[in-house]
Amino acid sequence: MFKDIKNQFPIFKNKTNGKDLVYLDSANSSQKPQSVIDAVSNFYSNEFANVGRGIYSLAVNASEKYELTRTNLKSFVGASDDYEIVFTKNATESLNLVATCFAEKFIKDGDEIILTELEHHANYVPWHFLRKRKNVVIKFLPIDEQGDLKVEELEKLITPKTKIISVTHMSNVTGSITPLEEIVAIAKKHNIPVSVDGTQGAAHLDLDIKKIDCDFYSFSGHKMYGPTGVGLLAIKYKWLNDFDPFIGGGGMIDYVSKKDIAYARGVWKMEAGTMPTAEVVALNESISFINKLEKKNIIKHELDLTQLALEKLKTNNSVKVLTSPKNQGGVFSFNIDKIHSHDVSTILDQEGIAVRGGHHCCQILHEVLNVNSSVRVSFGVYNDENDIDALCEGIKKCQKIFEKK
Amino acid sequence: MFKDIKNQFPIFKNKTNGKDLVYLDSANSSQKPQSVIDAVSNFYSNEFANVGRGIYSLAVNASEKYELTRTNLKSFVGASDDYEIVFTKNATESLNLVATCFAEKFIKDGDEIILTELEHHANYVPWHFLRKRKNVVIKFLPIDEQGDLKVEELEKLITPKTKIISVTHMSNVTGSITPLEEIVAIAKKHNIPVSVDGTQGAAHLDLDIKKIDCDFYSFSGHKMYGPTGVGLLAIKYKWLNDFDPFIGGGGMIDYVSKKDIAYARGVWKMEAGTMPTAEVVALNESISFINKLEKKNIIKHELDLTQLALEKLKTNNSVKVLTSPKNQGGVFSFNIDKIHSHDVSTILDQEGIAVRGGHHCCQILHEVLNVNSSVRVSFGVYNDENDIDALCEGIKKCQKIFEKK
Amino acid sequence: MSIKKLYQDLILDHSTNPRNNKELDSFNRNAEAFNQLCGDRSHVFIKLSDSTSIEEISFKGEGCAICIASSSIMTEVLKQKSEKSAFSIIHSFTKFIEKADETVLSSVIESDRTKLSSFISVAKFPMRVKCATLPWIAAESALHNKTKKINA
Amino acid sequence: MSIKKLYQDLILDHSTNPRNNKELDSFNRNAEAFNQLCGDRSHVFIKLSDSTSIEEISFKGEGCAICIASSSIMTEVLKQKSEKSAFSIIHSFTKFIEKADETVLSSVIESDRTKLSSFISVAKFPMRVKCATLPWIAAESALHNKTKKINA
Ligand SMILES: Cc1ncc(COP(=O)(O)O)c(C=O)c1O
Ligand SMILES: Cc1ncc(COP(=O)(O)O)c(C=O)c1O
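Chains as they are written, first to last, in the numbering used here: chain R, 3 to 407; chain W, 3 to 407; chain V, 4 to 155; chain B, 4 to 155.
Incorrect hints may have been included.
[What the hints assert, rightly or not] A few chain B positions that, by computed beta-carbon distances, are all more than 10 Å from chain W: (1) Gln11; (2) Thr19; (3) Asp28; (4) Glu58; (5) Glu59; (6) Glu101; (7) Glu105; (8) Thr106; (9) Val107; (10) Leu108; (11) Ser110; (12) Pro129; (13) Met130; (14) Glu143; (15) Asn148.
[To be verified] Derived BS3-like pairs (lysine-lysine); straight-line CA-CA distance at most 27 Å: (16) W/Lys261 / R/Lys134; (17) W/Lys107 / B/Lys149; (18) W/Lys136 / R/Lys136; (19) W/Lys340 / V/Lys118; (20) W/Lys398 / V/Lys8; (21) R/Lys21 / B/Lys8; (22) R/Lys134 / W/Lys260; (23) W/Lys399 / V/Lys87; (24) W/Lys76 / B/Lys149.
[As the list claims (entries may be wrong)] Stretch by stretch, here's where chain B covers chain R in the computed footprint (C-beta under 8 Å, at least three residues): (25) 198-211; (26) 259-272; (27) 304-311.
Keep in mind the hints are simulated off the structure, nothing from the lab. Just so it is clear, CB atoms sit at the ideal spot from N, CA and C, and this is done for glycine as well.
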């Protein structure tokens, strides 16, 4: 669908192990289009200054660009005025911010929170900290045989002690898409805020935060064709008022004396120290890149590839795809009979194919599915049918090497 | 001394308000040499992959480059095997990490910590959090009339309840350099660890962490000619073992189940989620850049400029430099009689001169010095005598505008 | 460039000799606004009569020439105004600063308009806009009887 | 390329039919090593005799072909060795893997050397080095009588 789009990504000009690069690891991090790379260089070369501090022209211009990205991100996530965008260093920091700041004010010893079996470690470890610190009880919404969340069981997990529900937008292992609106509707009945790990959703799924109506939505720049070093948090404004700051330093204060400190308000309270300036500025180009292609085209493109890949792999009896979700995005994982995922990854790499082997930071899900690890395939806008053919060939190669014996 | 060095910094090719850029705000953030800018582009264009997760070639190569920066940073700070380097998002996060992780394990209600009147908000607000959370008592080592720390009074501030001392390497307002070795010697007698805010030191002062023998040294990439989005923490290895992680997520765990989590060890424990990959990789070029010029030349260059500037400004009776430290780096601040620092900054900006007006995130110091704000001049390798002449002319212009009345 | 238009005589006059620069002996409205970016602060005191007209108004504060001049001129302009017309002037001035459009001030009486229009160049210096509007934010807040410090 | 050299017959044989792949009924040394990056784990059990020679050795673990083969071959090689020569072999093997230099193995007896040298290509795959050395790290740790799980 996106003809010649690989040309916009310089990485595909190079060979990997003598082969054309077949990049099937976008769920890990996406490659970067030239426009984003140029935005970084350009900012450093012509416009660099620290933002929000100087009042000279360079600094004013830099601050305006920085804020422009914030404004455009609001439209990108479909936020109304109720929401603000906070910049962090990655989705992981956003999720930690939510867990820590929320707990500080609203969670007491023995309270309960609900996660799911699909969660990435980034949406579990921060809550585990609270388990250590405050004896918080963590409950996991289970998945069914297809790998989809059993949303119908959510109600049963909720008690008067349930203080927050935190769920992924899409599994980074199986591609199962969470029915967020259903979950939020149930949570609302009980007045429980919902935090969404949108790291896999932001670049690959329809995103209308007003419609979802969640309280927090965390995601990462580097997974949406943007630079590393910048994370995002869409947050309902009211929480910004309620929360204490997560990290303290310059730029987030109002007034400082030896005796006391008054914090700044709104997003400023949460952005301490020199922020990832060039990264935020360049992120604006990622948004433009995605908007130009149009989300609905991206979704269709990646889904078509996923369907095609799954169909082709079905003909190979030794390939076991982990689950078959009802509602799936452009990610799936599999194992080849008797071959460990790392061996698969190493052998595919020799063919120029980049896939990730391991547990993809989802050890709980792997335990639930009773596999030690898996090979993950995830798509981006630059993938095409040739990539799938290369994958199928590569898998045969793995089998041949291991059959040899 | 560094002839034609401006050519290495593309920002100086452009005009600011029709004038050549006179950048005197390096203490805020330094401009970037072409080699650093190219390193970012190059990494994204030819070598990008997420580090530490994939086992395909691109990922392996990226991980090796990432670790190479760590290795080179160890030499850069003069670390022995006792020290490790942790990557963060900025110096502010490094300082928060130290305060939070240290306090979690070693500070209890009513304990005391010692800061100084010179500290940047980044080395005060995180400790203020503890004051709120644990009733920690914060004491401030005062400065003398010259603006230097009264180190001789440190001993008096120490009590059996003193748990840590955290001091800046150099004031980002007055340029006063802290006698770190003296302070560490006193602290050692009482078995108190010392954390150093090296944000101004790393690129501008002699740095031999073994000799200083502090426990923590926090600094930022963007102030050492490197990219935004990456901070550093040099930390004595033993603390890495003692500390719990600061932020939780992927990459910092050993093993995860629904019931419990085992954290990774060493630096890994502290690097959760996708790190500022391109930033860390490019930072290696900043180190090379500084090493090639040689620290001792940089120090001399910046000191010469500072002396020259101070001498020239002495002839202007309306200019009041805040303090005259005995041991000064390439930073100083001043006020012009009856003209507010922001007005000075705006007027200088029209002449292409970038200086910062305000309290420079050091409100306590300004209160101690009994001024509301000041104009700061700070030097980098690209400054020269012409910049000082421009500054002196610009100051006269300010005076003329305000005399007009 | 417009730097001399920014620092016009009237602004320099008011910044070096600010009028009504004190705390009122008696007041029934007050509010403080604060510019986090630069540390400027403006504390406005108002004595509102029973008929809700501004009998007296003054300010204390720290800040740049623009901020002090704006505070000083504001106290002159708002004095003796009814609460309603004060709100209207505050609103017009804020718009005027942001848009650098003098027609926005057309409803203000001429003697006031002359003073206010000396801030015409501020819009060209985006970081200074807040300096000019800070005391007005404080005044509006005071009139609304909010005493909490505002981070403008 | 060297992918076929990496997955040599001997390695594939041991990875699909690992020897001594169980927990010993009786043992007096054991340790577990863990590769955080990929989740591989190797738990080594040793029965050390009074004369400190390795009477029996076995492993349990999860991991890739390289890791399992290395574990299996290791148990064959270390069995019946004295503690001292076991340390020496562990040391040589680790060096050999890192440097891809067969001469490092010169002090190892020939029948063992043949087996160990099948890992010669691992060094060309940096991310796989840990896979090969993981069980050896566990064995060394067990011999040192450290039972704490190691994150290798
Ligand atoms: C002395 C000092 N400490 C800490 C910081 C904070 O550094 P960063 O903004 O990179 O986190 C700065 C810079 O603003 C500084 O000058
Ligand atoms: C579902 C999910 N959540 C969170 C994360 C963490 O994102 P980051 O590494 O950018 O912090 C990832 C990516 O690894 C992810 O896939």
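Taking the minimum C-beta separation from B/Ser110 to chain W, is that value above 10 Å?
28 Å, holds
Whether B/Glu143 stays farther than 10 Å from all C-beta atoms of chain W, as the label says
B/Glu143 is indeed farther than 10 Å from all Cβ atoms of chain W, at 17 Å.
Does B/Met130 sit more than 10 Å from chain W, CB to CB?
For B/Met130, whose nearest Cβ neighbour in chain W is about 4 Å away, the distance does not exceed 10 Å, so it is violated.
Least C-beta distance between B/Gln11 and chain W, which was stated to exceed 10 Å:
19 Å, holds
Assess, step by step, whether the Cα of W/Lys261 is no farther than 27 Å from the Cα of R/Lys134, and give holds or violated.
11 Å, holds
In terms of Cβ atoms, is chain W entirely out of 10 Å range of B/Glu105?
With a cut-off of 10 Å, B/Glu105 remains clear of chain W, as the shortest Cβ separation is near 23 Å.
Over 10 Å to the closest beta carbon of chain W is the bar; see if B/Glu58 clears it.
Per Cβ check, B/Glu58 is outside 10 Å of chain W; nearest 31 Å; holds.
Straight-line alpha-carbon gap W/Lys76 to B/Lys149, limit 27 Å:
Not satisfied, since the Cα-Cα distance of roughly 30 Å exceeds 27 Å.
Given the hint that W/Lys398 pairs with V/Lys8, does the C-alpha gap stay at or below 27 Å?
18 Å, holds
Would the non-interface assignment of B/Thr106 survive a Cβ cutoff of 10 Å against chain W?
26 Å, holds
Would you assess whether B/Asn148, listed as outside the interface, keeps its beta-carbon beyond 10 Å of every beta-carbon in chain W?
Holds, because the least Cβ-Cβ distance between B/Asn148 and chain W comes to about 20 Å, which exceeds 10 Å.
Residues of the region 259-272 of chain R with Cβ under 8 Å from chain B, three needed, outcome
violated (count 0)
In this structure, the hints that do not hold are numbers 12, 13, 23, 24, 25, 26, 27, in rising order.
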